[in-house]
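Asker: Each chain, written out:
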Amino acid sequence: MKKLLPYLLVSPYLLHVAVFVAFPVVFSVVLTFHSWNIISPMQYVGLANYERLFNDRLFWQAIWNTLRFLMVHIPLQILLALMLAELLNRTVRGASFFRAAFFLPVIVSGVVVTILWQQLLSFNSGIINRMLTAISLPRVAWLDDPAVAMYSIAVMATWKNVGLYVILFLVGLQSVPEQYYEAADMEGATSWQKFRFITLPIINPTIFTVVVLSTISGFSLFIEPYIMTEGGPMNTTLSAVMYIYKQAFQYYHMGYSATLGFCFALIILFVVVIQKRYVEQEV
Amino acid sequence: MLKYFILLFLLFSACQRDDANQSRSLTFWCSNNAGEITFAREFTRQWQRNRPDKPLRYQPIPEGQSSEEIILASVVGKTTPDIYANMWQGSVEMYAKARVLVPLDTLAGFRAFINARCDSAVIREITSSDGHIYQVPWKVNPIMLLCNTRAMDGLSTKGPPYTYSSYTDAGRQFKRDKDGDGYVDQWLGYTEVKAIWYQRLFNFYPLYLAASKGAPLLTRNPNGRLQAAFNNRHAVSVFRFLQTLYRENYFAKERLSATRDPFLANRIATQFTGPWTVEFLEKYKDPGFDYGSFPMPVPDGHTGPVYSYGDPKNIVIFNTCRDPQAAWEFIKTLVDQPGDLRLLELTGQFPRRKNLDTDPYFAPFLTKHPRLQPFARQTRYIKGVDNSEVIVEVFDIISQEYEACVIFNKKTPESAIADAARAVDVLLMSERTIE
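In the order they appear, the protein sequences are chains A and B.
When you line the first sequence up against full-length UniProt numbering, it's residues 1 to 283, in that order.
When you line the second sequence up against full-length UniProt numbering, it's residues 1 to 435, in that order.
Note that these hints are calculated values from the structure, not bench results.
Bear in mind that the values here come from a model prediction, so they are computed numbers and not experimental data.
Check each hint, because a few of them may be wrong.
To give an idea of the interface, some chain A residues facing chain B are shown, with a C-beta separation under 8 Å as derived from the structure [stated by the list, open to error]: (1) Ser28; (2) Ile39; (3) Tyr50; (4) Arg52; (5) Phe54; (6) Glu86; (7) Arg130; (8) Thr133; (9) Ile135; (10) Ser136; (11) Pro146; (12) Gln179; (13) Glu182; (14) Gly232; (15) Pro233; (16) Met234.
Heads up, the beta-carbon is just placed ideally off N, CA and C, and yes, glycines get one too.
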């Protein structure tokens, strides 16, 4: 009994992993070699799904769209979060109010925030375009212009998530020993020099965490384009996850959808490994 | 302790008895709008009075993002009802191929019924690729052109009904920048611009049917295999027509759905819509607002009938049904003359039966509701969608090209239609490979 007890104690967790992690992963890998529309029996198709993937222009466009989103979203998010955290780290009046205010969008439902921004960015009746018109600037088709739509979504997603990273950076900044700054002051270091040579190296692990977290959350971009643009205009906001969802739940191509998901997981893994290798060293 | 066992035993027996009752009775899922729930309730009660030996209960389809999703989930979970009314015609082929529907033509009396209710074109339309019929044609909502007649009467354009030239001419006269901010804020029309497949059922597809006199999107080649049939002058002319409307700003590109209904607010003068809009307009229109329903615009020089999309919803029996013959007997009560008239009265939706507009049985209703008469006349010239498992993807492919060509003017109509047809052929080929 004593020998069995440890196994018994970890069994609920093992069961959970087996049912909700291991089985879905194995099943989705099996699915990649099958054609299945949920209601008919599965059919073995060999590597046909993989062959289709490499010729699927829309999938690669969705990957490129997601990368475009990340290229704006990640730097913007890190810069903004670091800037706000730096400001909040100083003795500002009402600092706790600002911390709560910046964090508020994080806890508000993504759907609510997205609908709100959809109204703000509306071409005809959106407040942003009304403000532009008021100062004699032309209106912008924030969500209807293929060249602009994905960047509008990136800005919106940054606004929604920045609060979380502000808190992470704030924790990192508060862990920097005050003596280092005092010593630097005595040496006559400028604010920039203190930031560059003291703050940045010490909060390096936080930066890496933020980069990885925002990369993974950025790769899973779904709610924003799904609600705001439904992937348009001209598929320029079609994210990879949205395309996988469409294949699965609009066309019921479960096998092909699993193949896309599997390939996409490999791409994310590749990007994160690259980030780990370079970002960690560079910063 | 014993009394707890007895209590448990009684509980289980009660559950079992209830379960046995449920399995004996037929389940009928109806749509979950108020009109159709009332319809289902009335006909279920009538059935229970007349056929107490065959218990039947109705249930509005459970809430979900769409009824199609709910039906799919119930098929997967094997919790389908016996009878489902409101099946989109385009979904039937997929379920038929998955063998989850009862072939109705194997039931006694079905053939005679269908021949009496529908003409041969409709029967061909609803016959699956395996030669069986899995659906009872039930109701349609023809898509037509609704015009603000007051606004359009002021224009020096011939029509309605409109040809492409007269319609675009009306657009030229009607568009305006009312507040002088440099942006058009009054358009001839608006139709959803999103590249979502089902939106094409309410703009491209009815216009294509109108231009082509009801031609299909897909056809079978001599080998019996499906291929794209829309790479033709009709589809190209529809794309060109719509492209002109957007390019010249006669149609609004921006989404107007977030504001008050633009038709009622006089921001647009026309819209492509179905009879469901009539009830809405009658309820919310301002005094003095007047409108009429007309056939869809057609290419210049078009002769003959003007077809449109009928948005057909049909009734099916799932193969989980233990008594398909009884289910069929019940369905017959929904689609006989009194059933069809009651559907019209309660929901304003049209039964899919031949000669509806001239049938004296329905004449008093139509006389009482003149706004619905044009829709009743249109029911003679309507089509559903082609029978194909991948019809949703076909419309999705057309939507992608529609967006590139019609909305963003990035392609010529000829190349957009050719590209769409090519992509559909590739899709149909890959489906065959997988089959």
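Asker: Are any of the numbered hints broken by this structure? If so, which, sorted upward?
Answerer: 1, 3, 5, 6, 7, 9, 10, 12, 13
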